[in-house]
Amino acid sequence: MERWRRIITQHRTPPADDVPVVLVREGAHGPVIHAMNATARALGIAGGARVVDVQAIYPDLHVERADAAGDYKLLERLAHWARRWCPWTVRDGQDGIVMDVTGAAHLFGGEAAMLRDMATRFKMQGLSVRLAMAPTRGAAQMLARHGPASVVCDKDTMMAQLAPLPVAALRLSDDMLRLLTRLGLKTIGALADVPRVALMRRFSGLAEDRNPLVLLDRATGRAADPLNAPPDAQVWLARVRLPEPVIDPVPQLPALADALCADLAKGEQGARVLRLTIYRVDGEWRSRDVRTAVATRDPAHLLRLLTGKLDGIDPGFGFDLLTLEALRVEPLSLHQDHLDGSRDAGRDVAALLDRLTARLGPEKITWSAWVQSHLPERVETRVPAIAHSAAVAPEMTRERPLRLLDPAEEVTVLYAVPEGPPARFQWRRVAYHMARFEGPERIAPEWWRDKPGTRLRDYYKVEVQDGRRFWIYRQGVLGDGRGGDPLWFLHGVFA
Amino acid sequence: MKPDSQFTPVISLSGKRLTKDVPDRHMAPPMGGAILRDALPDAPFDAAATGFVLACLPDSKDPVMWIQDRMSRRENGRLYGAALRHFGFNGNILRVEVSHPRDVLWAMEEGASCAGLSAVVGEIHGAPEVLSFTATKRLALRAESSGVPLWLIRSGDHGALSAARERWRLRSRPSGGNRYNAQAPGMPIWEADLFRARGRAPGVWMASYDRAAGRPADRLGLFPGPGDGTLAADHHPASHATGG
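Chains A and B, in that order, are what the protein sequence lines are.
Here the first sequence stands for residues 1 to 495, where the numbers follow the working numbering.
Here the second sequence stands for residues 1 to 244, where the numbers follow the working numbering.
Because the hints were derived from the structure by calculation, they are not lab data.
Since we're looking at a predicted model, the values are computed, not measured.
Incorrect hints may have been included.
[As the list claims (entries may be wrong)] If you want the footprint, here are the derived chain B segments under chain A, 3+ residues with CB under 8 Å:
1. 46–54
2. 74–87
3. 95–109
4. 114–125
5. 166–173
6. 179–185
Each residue gets a CB set at the ideal place from its N, CA and C atoms; glycine is no exception.
Construct all of the structure, not just a fragment, from the sequences and the given hints.
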């Protein structure tokens with residue numbers, strides 16, 4: 001909700017605080033409520049309700065679409081950000097983070113002070129949190145979601161604090177919740193008071209993560225519940241510190257490239273995007289990015305790419321720190337392409353693309369991409385070769401010119417006949433006599449894309465007397481009500 | 001006699017052949033071979049050279065690199081990719097669009113050293129300073145050492161010095177008959193004038209192109225032209241008008 005509010009504030013005025021706002025996601029029977037603001041919560045709107053029902057009760061409800069994938073990404077990043085407090089953090093479900101702060105609390109002045117610090121830091125991020133600290137992971141997440149705010153419990157008081165919580169805190173399935181409610185076990189305390197043997201017998205056939213007894217044991221610390229934290233994102237960075245500021249980065253590059261490639265080889269990774277940064281003595285920094293078409297960790301190749309990029313970098317009064325960072329990496333294992341040891345031609349082309357792109361820029365090196373269109377100039381578009389792969393050309397039903405003028409150039413008609421192309425015309429100050437022609441091929445404007453009033457085109461393939469073949473078109477027909485006399489254009493040249 | 005092997009002395013003959021075989025001047029030259037070839041359009045805005053080069057490109061899955069400088073794009077238009085499949089060319093084309101002829105030569109040299117390309121085609125308009133004999137010599141040597149065929153389409157240039165191993169001058173001729181419409185142009189016919197070649201005699205051919213032929217190698221047919229003596233004597237290239 002807060003993330004939505006921050007994003008929306010950048011684009012338009014958010015609704016006032018007293019308007020109930022809900023975020024919706026797609027449910028099985030139409031949209032259901034995913035999250036709501038404080039006003040909506042005060043009105044009694046609950047998550048999971050259908051939007052049409054709630055809208056019938058509160059017509060002034062402000063409905064927005066939830067971005068579940070974005071929330072998930074944010075949570076993953078927050079889990080890594082939370083490693084400022086302790087080394088083991090992991091995302092918990094769709095809306096929580098679990099941290100193992102064992103042995104870390106004293107660094108922040110005790111457990112209560114650590115929780116206060118967390119609350120402050122999250123508030124600085126613009127996010128509201130509910131915090132709880134407990135000896136086990138299960139107990140902590142139950143207390144955080146269902147207990148009082150910012151509670152710290154230790155081993156002795158844990159059971160007393162867990163006892164009043166509803167059994168729903170165990171995160172059981174709906175069927176199991178209904179069963180437990182029917183049995184009269186509404187709180188954790190009631191469930192814990194039942195003899196273990198009876199519970200074990202009753203729920204013996206269930207999987208571990210749905211078995212209330214196992215979940216309760218995990219929460220109370222009878223069963224182990226270790227935390228499997230994902231590894232830190234690795235930074236692929238090589239740096240050279242210089243004792244004296246220098247102006248020319250070139251002598252330092254081989255050592256940098258070698259160090260980075262050795263690191264990448266250790267992790268079986270290859271670089272896709274590289275950034276070379278110089279840190280100048282006056283406190284400024286300058287950087288250059290280089291992209292590669294396939295993952296690589298060949299120092300010689302990286303060096304060739306980088307040397308072309310150094311011309312525009314301004315060293316100022318010199319720099320004393322130089323870093324080379326692989327911003328994006330992809331797995332790259334050692335492999336042999338062919339049994340006979342011959343090289344893979346595709347990798348050669350990829351290396352060529354890198355070199356050309358590094359010098360000429362990504363927009364200059366292109367593959368053709370194809371668009372469904374009738375207009376000849378719209379059929380073919382170009383995509384940077386470094387980011388895309390070649391697409392198969394569509395089969396055209398009619399012959400098209402091998403070379404296309406973009407934009408088409410106007411020709412002057414010297415002698416026209418009522419039907420067909422002009423018998424004599426002038427283009428680029430040279431007069432041509434038509435010998436033979438084929439056509440017309442009428443291409444109408446694409447009304448779903450073109451401006452109203454665009455005129456149709458009648459294309460002719462015209463062979464002039466010395467054998468050259470041109471593709472000329474007349475724009476519009478006489479009396480179509482879209483302008484005066486039709487004009488003639490030359491659009492392409494046939495082989 | 002010199003010891004050629006460390007075990008037995010062997011006699012090695014000199015590599016020169018005793019008889020020099022002179023190819024028939026009417027026999028069409030093979031279009032394979034990784035050498036630098038020039039294609040000179042004879043008249044401005046004539047796509048015959050483009051068609052001829054496309055017809056000569058090897059039939060391969062590997063991409064062809066096609067480099068154009070700004071002037072050739074402006075004067076002769078871009079290569080239109082949507083027409084290629086109908087023309088009979090099924091490969092992929094890697095487009096490189098640069099502004100200066102210097103970059104065309106640089107990119108061609110880079111492409112020539114890449115074995116993953118099936119061919120490299122460069123287009124340069126006019127006769128700029130950088131396109132000197134030395135530059136073409138570098139390209140020719142690079143092509144021969146790497147095995148990638150190179151084509152250089154030089155529009156608006158009438159036989160400046162070049163180290164290309166074969167130099168073709170191409171112009172469109174009135175096309176063949178159209179089977180269905182007597183008024184309409186038929187399949188293209190180009191006059192292909194090989195005016196400089198290494199290791200063979202030059203000649204003039206009439207090149208017909210038939211995209212309906214089965215194999216790509218069969219599509220281009222070269223027929224002996226009308227004896228090049230008279231044609232070479234009264235050859236007047238059409239004047240190039242500057243873009244207006």
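Status of each hint after checking the structure:
Given a C-beta distance limit of less than 8 Å, the hint that chain A covers the segment 46–54 of chain B holds, as 7 residues qualify and 3 suffice. Evaluation of the coverage hint for the segment 74–87 of chain B: fulfilled, as 12 residues show C-beta separations to chain A shorter than 8 Å, against a requirement of three. Closer than 8 Å: that is the beta-carbon criterion, and the segment 95–109 of chain B has 7 residues meeting it against chain A, so the requirement of 3 holds. Coverage of the segment 114–125 of chain B by chain A holds [criterion: at least 3 residues with CB-CB distance below 8 Å; count 4].
Requiring three or more residues with a Cβ within less than 8 Å of a Cβ of chain A, the coverage given for the segment 166–173 of chain B holds, as 3 such residues are present. As drawn, the segment 179–185 of chain B meets chain A at 4 residues by the rule of a beta-carbon pair under 8 Å; at three or more, the given contact holds.
Every hint, counting from the list given before, is met by this structure.
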